Amino acid sequence: MKVKVGNKVYQFDSKMRGIDLLKKLNLQPQSNIIIKNGEVITEDEYIEQNDEVEIINAISGG
Amino acid sequence: MKCRRCRDMGKTKKAVIFLPHHNLSLCRDCFILWYEKQIGRTIKKMRMFTRKDKIMVAVSGGKDSLALWFALERLGYATDGMYINLGIEERNYSRISYEKAKKLSERIKRPLHVVDIKDIFEGKGIPELNKLTRQPPCSICGLIKRYYTNKVALDKGYDCVATGHNLDDEVATLLLNTLSWDVDSLSRQAPVLPEKQGFARRVKPLVGMTEKENLLYCLLMEIDYAKEECPLSTGVSTIFYKQVFNKIEQKSPGTKLRFYFNFQKNIYPLLSPIKIPHLSPCSLCGQPTTTSDKICALCRFKEKVKNLTKN
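Protein chains in written order, with the UniProt record's numbering: chain A, 1 to 62; chain B, 1 to 311.
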């Protein structure tokens with residue numbers, strides 16, 4: 001799967017849940033939203049190999 | 001994961017978010033309903049304003065203030081926007097932020113007042129003012145924002161200024177102020193600062209909403225917001241404190257809400273009467289000031305810039 005985080009793109013080969021993907025990328029679920037194939041998903045949802053994923057960070061400096 | 005609200009009504013819909021601090025999973029439509037209802041409830045509970053009031057929303061072009069403006073419009077409040085162009089050209093930060101604020105103003109058909117600090121400081125933006133005065137950019141930005149949001153609100157006859165401060169902003173600031181026992185700042189950290197001589201009422205209707213909830217609202221309502229962080233605020237301590245809180249929240253959901261609202265309920269009433277500074281109008285601009293020489297912080301800063309430019 002292709003995972004876009006900000007300006008970076010990562011590639012993962014195995015199917016996993018959103019929460020596990022966040023853990024792999026060292027991102028906090030409280031401040032990130034996962035978009036799978038253009039739709040917002042909850043962290044318990046599985047992401048398959050051919051899915052396109054974007055993670056959007058909510059934290060700002062204020 | 002399924003939407004709990006839909007389930008309670010005998011329907012089945014896929015959730016887009018799980019909110020551990022409310023033990024609630026919601027689908028797109030239920031989240032939008034819930035989000036706007038929460039804001040409306042905060043406004044009423046804290047007596048921020050009514051539908052008769054004229055409200056000025058201070059917008060930065062970021063997700064929080066734009067989500068607030070859009071939600072207030074949908075809730076039926078009379079809101080206009082106010083944007084301060086900080087003159088930050090790095091990565092086109094100010095230009096992009098302005099475009100996002102303008103875009104929303106056109107979408108909801110509400111006016112956007114614009115203050116350009118380059119008009120005030122003879123072509124200087126925040127980076128140039130920082131270089132000249134050696135004052136931290138965030139401190140200059142805060143001074144200018146506080147002054148001009150108040151001035152524009154009073155000059156144009158608004159009943160209050162609404163800002164997009166969210167729960168994460170508030171708990172991070174509260175923790176910072178508590179760790180240094182900054183009683184003066186703590187005694188001013190309230191979701192409503194009532195109007196007083198020369199000051200417009202200031203309210204924070206998003207104090208109960210997390211950054212993630214505001215971001216999701218923007219995504220679902222297709223609100224185009226500025227994604228770039230301010231290039232001058234890199235490495236600010238607020239982000240670190242927000243991450244610390246998220247770690248605590250993961251172990252103990254609801255900590256942010258408890259920390260903030262129990263402070264407001266139990267501690268703030270003890271602190272707020274401590275300092276009521278004497279206010280008098282600034283002898284140069286007429287805005288209120290607490291200083292004994294009757295020159296407000298912004299006029300003092302303007303003088304400093306003028307003197308340094310001459311030299």
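There's no promise every hint is true.
[To be verified] Here are the computed lysine-lysine pairs in the DSS-like style, where the Cα-Cα straight-line distance is at most 30 angstroms:
1) B:LYS227 with A:LYS24
2) B:LYS13 with B:LYS102
3) A:LYS24 with B:LYS13
Simulated from the structure, these hints should not be mistaken for laboratory data.
Computed from a predicted structure; not experimentally measured.
Against the structure, the hints come out as follows:
1. B:LYS227 with A:LYS24: It holds: about 23 angstroms lies between the C-alpha atoms, which stays within 30 angstroms.
2. B:LYS13 with B:LYS102: violated (35 angstroms)
3. A:LYS24 with B:LYS13: holds (29 angstroms)
Figure legend: structure checked against the earlier numbered hints; the only hint not met is number 2.
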